[in-house]
Amino acid sequence: MIRYVVRRLLLAVPTLLGITVVVFLLVHLAPGSPGLGGPGSLRRATGRAAEEMRRLYGLDRPLPERFGKWMSRVVRFDMGESFVDHRPVSERIREALPNTLLLNGTALLLALLIAIPLGVVAGGHPDGTFDRVSAGALFALYSMPTFWAALLLQTLLAVQLRWLPLYGLASDSPPAGFAGVLDRLSHLALPATCLTYGALAFVARLVRSGVAEARASDYVLAARARGASRRQALWRHAFRNALVPLLTLVGLMLPALLSGSVIVERIFVWPGLGQLYLDSILSRDYPVILALSLLSAAVTLLATLASDIAAAVADPRVRDGTVS
Amino acid sequence: MSARRSWIARLPGTGRVALAVVVLLWIVAACTPLFRERAREIRLAERLLPPSAAHPFGTDDLGRDLLARIVAATPISLTIGIVSAAVSLIVGFAVGATAGWFGGVPDLLLSRAIEVVLCFPLLFLLLAIAAFLPPSPWTIIAAIGLTTWPGDARYARAEILKMRELGYAHAARTMGATAPRILIRHLLPNALPPLIVSAAFGVGWSILAEASLSFLGVGLPGPATSWGGILAAAPTYILEAWWIALFPGIALFLTVSAYNLLAEGLRTALSEGGGRA
Chain A
13 MIRYVVRRLL LAVPTLLGIT VVVFLLVHLA PGSPGLGGPG SLRRATGRAA
63 EEMRRLYGLD RPLPERFGKW MSRVVRFDMG ESFVDHRPVS ERIREALPNT
113 LLLNGTALLL ALLIAIPLGV VAGGHPDGTF DRVSAGALFA LYSMPTFWAA
163 LLLQTLLAVQ LRWLPLYGLA SDSPPAGFAG VLDRLSHLAL PATCLTYGAL
213 AFVARLVRSG VAEARASDYV LAARARGASR RQALWRHAFR NALVPLLTLV
263 GLMLPALLSG SVIVERIFVW PGLGQLYLDS ILSRDYPVIL ALSLLSAAVT
313 LLATLASDIA AAVADPRVRD GTVS
Chain B
42 MSARRSWIAR LPGTGRVALA VVVLLWIVAA CTPLFRERAR EIRLAERLLP
92 PSAAHPFGTD DLGRDLLARI VAATPISLTI GIVSAAVSLI VGFAVGATAG
142 WFGGVPDLLL SRAIEVVLCF PLLFLLLAIA AFLPPSPWTI IAAIGLTTWP
192 GDARYARAEI LKMRELGYAH AARTMGATAP RILIRHLLPN ALPPLIVSAA
242 FGVGWSILAE ASLSFLGVGL PGPATSWGGI LAAAPTYILE AWWIALFPGI
292 ALFLTVSAYN LLAEGLRTAL SEGGGRA
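Quick mapping for you: the protein sequence lines, in order, are chains A and B. Using this note's numbering, the first residue of the first sequence is number 13, and each one after it goes up by one. Using this note's numbering, the first residue of the second sequence is number 42, and each one after it goes up by one.
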């Protein structure tokens, strides 16, 4: 066990290094970025202001030196200042983070809560009516562009029926107490739904195939022979084993959720990290772009690490390398 | 198995319907020159008209006919989808096959590279590449191809790992064939079925990715818009013109589901026969 954890941790070191290199090169080698000549580039810019910018951001130094300097600041969690409003990048991220956590956390929770029972029931009767219907529905969800679903839901539920607010975090003058919580929830409903369904389709298919495979195995048959009910055999024996591949993939769901967040936050004017990232891309706010992409990739790496180790705890075969 | 049934005959019913839809879409794409004039014709007096006999899908914020615009955008979305998926497949196979064939240190390094790309939210990378390079279809294709290859690479690596100990791989090596020759001439044809399935899913995925980019405003420069580009106007007019949101989305949804269903069907068709007949 310890050997597996150590090996997994050691393998994560070059990956982390690779992430920092990709992030750095992404911004510094792109034409039009401050690093290279090109339209809108600072290297083309002339005059004292441009000279000042170059000195300030070290753009006149060679690439490896800039990378070293940037890294030495990153390890101290110093992300620099935003080009746009000159506030510390960490401050801007801290403002947007709670909104994104609320949205993504809700979506992840909803996806797991709906997808797991769905997958277990469908996998319990492969090719049964429920399995076929749910497979068709999930397939349609899987092919549905998030922004289209968002626009349709807005048109139907917010514009036509007026059941839910069109966009925003909360009303302009939110009511106090319990009514205020309801107000927040009604604003959360549509964006959370849009972010949920993609992950839901993914998890449900995974659980279904795991359960369907386990259902036919000897140990489930043995459990039934020992007198376990269908239900017990399904949930206690088949589902538990289907849980391991799910565990290893939860980490990788994180970047998918953040991708979806960019679109959903933009449509529903939700001031989170996705919105912040898109804004900084459009305004070429390099320090924010660097910080957000590094942060999201590093958190994903940690999450995959954690879920791999969790899978190894749950299933000895993962540790031995018999099952990946 | 009966001697050599064609892959179309082995597709399940849904897969055949999907194939028909894909063919139909390409026929529509071939007819677009007839619609290009109308798609670009701006009539401000006719802006934001609801669907009617003259404009079956309504008009947009500049009075352009929405049906003509959607048809005119078809070849753009389809081509970008196919070419990006092909780029992704080629890069993915090169990386995955190299890792699987050589093993050891190259495998360790290339597997880290795959892991690095997978750690980023895909849209973060796509947006950065698409926004920083000069706007053109090639930029979009490069952005999508260069970010989605890790999936293909994983499949290719797994396939090559399985095959490298097979008799014919050993035989080719004994006869002095070089690694690229063995990989491309001998192993690639046999690794193809799962890669084709992965590529078909990749087409649907790439079309979605391109639409997302254009929707967010870093896609193709006008007037050559794609479906995502048409949809970009929808949030602004959501209160008065629902048709701008509905119809381009239907085209997008139909296309992506057709490719995904075709991929699913190919998976069944190609696995039942078990490699080459």
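It should be emphasised that the hints constitute simulated quantities derived from the structure, not laboratory data. C-beta atoms are modelled at their ideal positions from N, C-alpha and C, and glycine is treated no differently. Among these hints, one or two may not hold up.
Residues of chain B clear of chain A, computed beta-carbon distances all greater than 12 angstroms [claimed, not checked]: (1) S47; (2) A61; (3) P74; (4) L75; (5) R81; (6) R153; (7) F165; (8) A171; (9) M216; (10) P234; (11) I248; (12) A250; (13) A252; (14) N301.
Label pairs and their in silico Cβ distance ranges [unchecked claim]: (15) B/S177 x A/R99: 54 to 62 angstroms; (16) B/A95 x A/G189: 19 to 27 angstroms; (17) A/A318 x B/R222: 38 to 46 angstroms; (18) A/S183 x B/P92: 28 to 36 angstroms; (19) A/R88 x B/W179: 38 to 46 angstroms; (20) B/L207 x A/R238: 36 to 44 angstroms.
Among chain A residues calculated to face chain B with C-beta under 7 angstroms, some are [as the list claims (entries may be wrong)]: (21) P26; (22) F159; (23) I279.
Check your understanding: Out of the numbered hints, which ones does the structure contradict?
Key -> 6, 7, 8, 11, 12, 13, 14, 15 and 16
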